[in-house]
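Going line by line, the protein sequences match chains A and S. Read left to right, the first sequence gives residues 1 to 284 (this note's numbering). Read left to right, the second sequence gives residues 1 to 149 (this note's numbering).
If you're looking for bench data, these hints aren't it; they were derived computationally from the structure. Glycine included, every Cβ here is placed at the ideal spot set by N, Cα and C. Where hints are given, some of them may not hold.
[Unchecked claim] Residues from chain A that face chain S, not an exhaustive set, calculated with beta carbons under 7 angstroms: (1) L6; (2) F11; (3) L15; (4) V28; (5) G232.
Below, each chain spelled out in residue letters.
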Amino acid sequence: MNVIKLLLVLFISSLLIGLAAALFLSPVDTGNVAVIPIEGPITLSGGGLLSPGASADLIEQEIDKAASDPMVDAVVFEINSPGGSAVASDEIVRKIRALNKTTVAVIRESGASGAYWIASATDHIIANPLSITGSIGVTWSYLSFQGLLSDYNITYNRIVTGPDKDIGSPYRNLTADERALLEQKVNTVLDYFVADVARNRNLSVAKVRSLANGTIFLGTEAKAEGLVDQLGTMDTAKAYLEKRLNESIEFSYYGQQQQGFLSWLFGAHAGIAGETGVPAIKAQ
Amino acid sequence: MKLIEVRASVLRRIGALLVDLAILDILVYLNLRAFFPSTFEATLRLVQRGGDMTAMTVGLLIATLYTLAYFVALEQGNGRTLGQQLLRIRVVAPKDATFRHHLINNLFLIPFFPFTLLWFIDPLYMLYRGERFLEHLSGIRTVQVVTAP
Chain A
1 MNVIKLLLVL FISSLLIGLA AALFLSPVDT GNVAVIPIEG PITLSGGGLL
51 SPGASADLIE QEIDKAASDP MVDAVVFEIN SPGGSAVASD EIVRKIRALN
101 KTTVAVIRES GASGAYWIAS ATDHIIANPL SITGSIGVTW SYLSFQGLLS
151 DYNITYNRIV TGPDKDIGSP YRNLTADERA LLEQKVNTVL DYFVADVARN
201 RNLSVAKVRS LANGTIFLGT EAKAEGLVDQ LGTMDTAKAY LEKRLNESIE
251 FSYYGQQQQG FLSWLFGAHA GIAGETGVPA IKAQ
Chain S
1 MKLIEVRASV LRRIGALLVD LAILDILVYL NLRAFFPSTF EATLRLVQRG
51 GDMTAMTVGL LIATLYTLAY FVALEQGNGR TLGQQLLRIR VVAPKDATFR
101 HHLINNLFLI PFFPFTLLWF IDPLYMLYRG ERFLEHLSGI RTVQVVTAP
């Protein structure tokens with residue numbers, strides 16, 4: 001028996017198997033803290049090919065996955081979003097509240113409006129001192145092309161079954177009554193938004209309402225107003241969780257969202273630049 | 001003074017096993033790292049929490065096959081492993097011993113149930129009978145050479 005030959009065979013064959021495993025297998029995931037990104041404008045389905053953003057549907061699936069994973073003790077929401085659809089934001093907020101694990105929001109460049117709403121539902125918010133956050137408010141703005149159509153002698157033939165049926169149509173201007181109606185709707189959404197943030201952050205409704213004029217706050221300003229808990233980064237979140245959970249923390253990165261062409265071309269806020277007259281009410 | 005073969009002492013057996021496992025660690029186990037979590041703490045967490053252990057199980061199976069191949073091939077072909085050579089012990093098999101006998105002699109190396117029961121049965125049997133349970137089954141003895149008056 002040639003011992004050297006045997007040992008060589010064992011070594012080389014195991015090396016090849018190990019290399020194949022390293023190339024084709026994902027690293028064994030043993031993280032005890034799920035990191036779920038919320039990147040870009042928030043909508044239910046996440047936008048389209050040219051400029052996807054944060055999909056509430058996908059984020060909710062990731063939250064469910066973290067909820068049912070026995071390895072996961074806590075969830076960190078890594079937020080870099082200007083906000084988005086009120087419905088999409090609300091759905092995510094409800095999911096976070098139903099999650100029976102420690103949650104932390106880490107606001108990176110921006111966590112404004114709907115994104116801040118989501119952050120407020122977590123147990124602890126961390127923002128960079130220079131993060132853009134706050135912007136508690138609602139918009140339902142859109143472009144109206146009535147003037148442009150008139151310039152080109154294009155007629156909008158209005159055939160409707162009720163006076164409000166084509167309210168918000170970009171082909172004609174709003175009437176005063178229609179404007180009042182839409183403003184009443186956005187104020188209703190704002191009331192809901194404000195009440196929710198007040199509940200989440202244990203602040204009075206009056207206090208949140210005083211901040212809810214759409215103003216953005218830098219991280220430091222937001223901390224002074226009680227909108228965030230701590231200034232820092234993902235490392236700060238790790239240290240916070242290690243102390244809170246009394247165990248060492250290993251992040252497990254969930255749901256990496258793909259970047260669309262416009263996002264890649266223009267950066268993180270391409271989704272806003274690309275939107276025109278979107279009918280959804282936006283907490284943005 | 002003459003040389004006689006006696007059953008190998010427990011200390012030498014354990015020493016030889018540790019040396020062989022260290023050799024296998026360098027030659028084989030380190031190459032299979034990709035199947036396992038990066039730290040022991042992470043591995044413990046995976047096991048305790050009931051996480052996905054598929055990759056780790058496959059890695060353990062592969063490592064076990066290599067371990068058995070090392071021990072069986074060297075004991076059958078050479079009469080001893082490298083660790084046994086270092087500790088001056090060897091295995092003595094009957095003339096008609098086959099691959100199957102040597103495999104039986106090393107079943108305790110398989111880290112899966114029910115073979116893990118052998119980690120208790122083998123030493124307990126040795127305590128009362130002077131030989132391992134698997135040695136009794138396989139007919140293979142582990143001996144060391146001593147001088148006798």
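Open item on the list: Check the structure against each numbered hint from earlier and tell me which ones fail, lowest number first.
Closed with: Going through the list in order, the structure violates hint 5 alone and respects the others.
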